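Produce the complete structure using the sequences and hints provided.
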Amino acid sequence: MQSLKELISRYAKPGQLDWIGLRPARRAEMVSVPQVLIGPRGLDGDHGASDKRAVTLIQAEHLPVIGAMLGREIETAMLRRNLLVSGLNLAALKGREIRIGETVLEITSICAPCSRMEETLGHGGYSAMRGHGGWCARVVAGGLITLQDTVTPL
195 MQSLKELISR
205 YAKPGQLDWI
215 GLRPARRAEM
225 VSVPQVLIGP
235 RGLDGDHGAS
245 DKRAVTLIQA
255 EHLPVIGAML
265 GREIETAMLR
275 RNLLVSGLNL
285 AALKGREIRI
295 GETVLEITSI
305 CAPCSRMEET
315 LGHGGYSAMR
325 GHGGWCARVV
335 AGGLITLQDT
345 VTPL
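Residues in the sequence shown are numbered from 195 upward in steps of one, following my numbering.
Because the hints were derived from the structure by calculation, they are not lab data.
Incorrect hints may have been included.
Unchecked claim - Between beta-carbon pairs, the in silico distance windows are:
id: 1; residue 1: 238; residue 2: 265; range: 35 to 43 Å
id: 2; residue 1: 288; residue 2: 337; range: 19 to 27 Å
id: 3; residue 1: 306; residue 2: 262; range: 17 to 25 Å
id: 4; residue 1: 317; residue 2: 229; range: 31 to 39 Å
id: 5; residue 1: 244; residue 2: 289; range: 13 to 21 Å
To be verified - Result set (DMTMM-like, lysine to aspartate or glutamate): computed pairs, CA atoms no more than 20 Å apart in a straight line:
id: 6; residue 1: 288; residue 2: 245
id: 7; residue 1: 246; residue 2: 291
id: 8; residue 1: 288; residue 2: 300
id: 9; residue 1: 288; residue 2: 255
id: 10; residue 1: 246; residue 2: 300
Please read all numbers here as calculations on a predicted model, not as lab measurements.
Note that CB positions come from ideal geometry on N, CA and C, so glycine has one too.
Given below as structure tokens:
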């Protein structure tokens, strides 16, 4: 009989990295980049990275849900997360590692929305983000990531 880990590895589909964003300074607009190096404390050039919240990720599939709750289109940069991943259920990977390019990240905790979501998204922004705010990750192994890299659960 196969173990759960073997079954997951056999049937899990990889996702894709669709967007990379940096916060160059406190309260600055997000800057989209085609590739970036990730070190122990997060994305090179990202303001405010820390060990516990080194990288923030959000699922592309959540953007239309947030937009529907607010009655408007949502751009990735508005959500202030570093990485946009499609085709992979990040919630199901809490406590697990994922590989993106040369990098290995561990999904550690929910990335709860902050009061800035009201400023950025307008009235109801904070509530729309609850349950859809993404995930925080710590860096297990740094390296280069590039747009369209495969995101694979380990």
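Hint check results:
1. Look at residue 238 against residue 265: about 37 Å separates their beta carbons, and that is inside 35 to 43 Å.
2. Evaluation of the 19 to 27 Å hint for residue 288 and residue 337 yields a pass: the beta carbon distance comes to about 22 Å.
3. Range check, residue 306 to residue 262: Cβ separation about 20 Å, and the 17 to 25 Å hint holds.
4. Checked against the hint of 31 to 39 Å, the pair residue 317 and residue 229 passes, with Cβ atoms roughly 36 Å apart.
5. Judged by the Cβ atoms, the range 13 to 21 Å given for residue 244 and residue 289 holds: they are separated by roughly 19 Å.
6. Restraint check: the Cα-Cα separation between residue 288 and residue 245 comes to about 16 Å, which is no more than 20 Å; the hinted pair holds.
7. The hinted pair formed by residue 246 and residue 291 meets the criterion: a straight-line CA distance of about 14 Å does not exceed 20 Å.
8. This hinted pair checks out: residue 288 and residue 300 have alpha carbons roughly 8 Å apart, not beyond 20 Å.
9. Simply put, residue 288 and residue 255 have alpha-carbon atoms about 17 Å apart, close enough for the 20 Å limit, and the pair holds.
10. Taken as a hint, the residue 246 and residue 300 pair is honoured in the structure, with Cα atoms around 10 Å apart against an allowance of 20 Å.
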